[in-house]
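For the record, the sequence lines run as chains S and B.
Letter by letter, the first sequence follows residues 1 to 118 of the working numbering.
Letter by letter, the second sequence follows residues 1 to 194 of the working numbering.
In case anyone wonders, no lab produced these hints; they're calculated from the structure.
Check before you lean on any hint, since a few could be wrong.
Below 30 Å or equal to it, Euclidean Cα-Cα: the simulated BS3-like pairs (lysine-lysine) are [said to hold, decoys possible]:
no., chain 1, residue 1, chain 2, residue 2
1, B, K138, B, K180
2, B, K181, B, K138
3, B, K84, B, K139
4, B, K123, B, K90
5, B, K40, B, K181
6, B, K123, B, K14
7, B, K123, B, K138
8, B, K84, B, K138
9, S, K41, B, K90
10, B, K90, B, K14
11, B, K181, B, K84
12, B, K181, S, K41
13, B, K123, B, K84
14, B, K40, S, K43
15, S, K41, B, K14
16, B, K84, B, K14
17, B, K123, B, K40
18, B, K139, B, K123
19, B, K14, S, K43
20, S, K41, B, K180
21, B, K138, S, K43
Using C-beta positions, here's what the derived DEER-type ranges look like [to be verified]:
no., chain 1, residue 1, chain 2, residue 2, range
22, B, S65, S, I71, 30 to 38 Å
23, S, I28, B, S66, 19 to 27 Å
24, S, I71, B, E23, 37 to 45 Å
25, B, R174, S, L8, 44 to 52 Å
26, S, I71, B, K14, 44 to 52 Å
27, S, T78, B, S65, 55 to 63 Å
Beta carbons are placed, not taken as given, at the ideal position from N, Cα and C, and that holds for glycine.
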Amino acid sequence: MKRTDNDLAQIDRKIEQTLAGLDTTESIETGPHFYTRLMAKIKETESGEINPVWLSLFRGRLAASLLSLVILLNAVTTIMVIRNVQEDRNEYRRNNVEAVANEYSLPSVSETLDLAQE
Amino acid sequence: MNEEQLLSDIQEGKSGAFQRLVELYQNQVINICYRFVRDKTDAEDLAQETFIEVYFSINRFRQQSSLGTWIHRIAVSKSLDLLKQYSRLKRGGGSQGTVRLDARAVDIPAPSWTGPDRILEDKESLDILTQALNSLPKKQHVALILSTYDGMTYQEIADTLGTSLSAVESLIYRARENLKKKLRTYYERSVKKS
Numbered sequence: 001m002k003r004t005d006n007d008l009a010q011i012d013r014k015i016e017q018t019l020a021g022l023d024t025t026e027s028i029e030t031g032p033h034f035y036t037r038l039m040a041k042i043k044e045t046e047s048g049e050i051n052p053v054w055l056s057l058f059r060g061r062l063a064a065s066l067l068s069l070v071i072l073l074n075a076v077t078t079i080m081v082i083r084n085v086q087e088d089r090n091e092y093r094r095n096n097v098e099a100v101a102n103e104y105s106l107p108s109v110s111e112t113l114d115l116a117q118e
Numbered sequence: 001m002n003e004e005q006l007l008s009d010i011q012e013g014k015s016g017a018f019q020r021l022v023e024l025y026q027n028q029v030i031n032i033c034y035r036f037v038r039d040k041t042d043a044e045d046l047a048q049e050t051f052i053e054v055y056f057s058i059n060r061f062r063q064q065s066s067l068g069t070w071i072h073r074i075a076v077s078k079s080l081d082l083l084k085q086y087s088r089l090k091r092g093g094g095s096q097g098t099v100r101l102d103a104r105a106v107d108i109p110a111p112s113w114t115g116p117d118r119i120l121e122d123k124e125s126l127d128i129l130t131q132a133l134n135s136l137p138k139k140q141h142v143a144l145i146l147s148t149y150d151g152m153t154y155q156e157i158a159d160t161l162g163t164s165l166s167a168v169e170s171l172i173y174r175a176r177e178n179l180k181k182k183l184r185t186y187y188e189r190s191v192k193k194s
């Protein structure tokens, strides 16, 4: 549909009106107690940001030392657990052998060791 | 009291210094934000956010620009962030009620030509204007918006944008031309529809 001169005039007018709205934006002012409310928000933000003292332990050199200590303790614990497991396993085997030896009236492991030493 | 003295008082934590700064800039800040978001409540929230950032960053302010320019930049950046959030929400919320001014904008209700004296109180016109502004390149958008605030000189706009006075004039001119083009496209389509 072809635009009429009237349409074009309407378009131009509407554009001018819309653009005029840009230049005639009213000025506003902050509400009452703006500063009080601002300070309340700042305090709220600050209290949310405060770090407990214990958190500082996890920073810098102290953090590295703590991490090393934790790794060392873990390593020692692991070694001790492995040793205990091995000792338990050996004892279990020894007990089994002793039981079989007793059952068939064979010299026990300790006696065999004594005989071997003799 | 000059700006330098005020800044040094705030950085030294002198009582009342920050309040003086807020009182000095609060109306400029809220009006800058208002021109971007066109909503008083949002503008006040943005002004508060601006001063919160000022409060927490003022010790890092290195005076590479004036204190006012720095505060204006924060206000502009906060306003643009909010506009971005709104445009994301609109995009996520479907096309209902949206006003798009790109070439494929077909989901805009045709404007009513009755009542030619209705200007920008008309929410539809305001929406169109806001949408057209938001679709401008960022620097043109900011320069044009700041130029509509009497409280800011072109030099202050240039400082805020980190550009020259002549660049600001050119940005504002191009922004107005682009805005006209976008509005013409929209209104021509609307006339076709009606």
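Quick rundown of the hints versus the structure:
| no. | hint | result |
| --- | --- | --- |
| 1 | B:K138 / B:K180 | holds, 17 Å |
| 2 | B:K181 / B:K138 | holds, 17 Å |
| 3 | B:K84 / B:K139 | holds, 15 Å |
| 4 | B:K123 / B:K90 | holds, 17 Å |
| 5 | B:K40 / B:K181 | holds, 29 Å |
| 6 | B:K123 / B:K14 | violated, 46 Å |
| 7 | B:K123 / B:K138 | holds, 24 Å |
| 8 | B:K84 / B:K138 | holds, 11 Å |
| 9 | S:K41 / B:K90 | holds, 28 Å |
| 10 | B:K90 / B:K14 | violated, 45 Å |
| 11 | B:K181 / B:K84 | holds, 23 Å |
| 12 | B:K181 / S:K41 | violated, 43 Å |
| 13 | B:K123 / B:K84 | holds, 20 Å |
| 14 | B:K40 / S:K43 | holds, 24 Å |
| 15 | S:K41 / B:K14 | holds, 20 Å |
| 16 | B:K84 / B:K14 | violated, 37 Å |
| 17 | B:K123 / B:K40 | holds, 15 Å |
| 18 | B:K139 / B:K123 | holds, 26 Å |
| 19 | B:K14 / S:K43 | holds, 17 Å |
| 20 | S:K41 / B:K180 | violated, 41 Å |
| 21 | B:K138 / S:K43 | violated, 34 Å |
| 22 | B:S65 / S:I71: 30 to 38 Å | violated, 49 Å |
| 23 | S:I28 / B:S66: 19 to 27 Å | holds, 24 Å |
| 24 | S:I71 / B:E23: 37 to 45 Å | violated, 56 Å |
| 25 | B:R174 / S:L8: 44 to 52 Å | violated, 24 Å |
| 26 | S:I71 / B:K14: 44 to 52 Å | holds, 49 Å |
| 27 | S:T78 / B:S65: 55 to 63 Å | holds, 59 Å |
When the structure is compared with the earlier hints, violations turn up for hints 6, 10, 12, 16, 20, 21, 22, 24, 25 and for no others.
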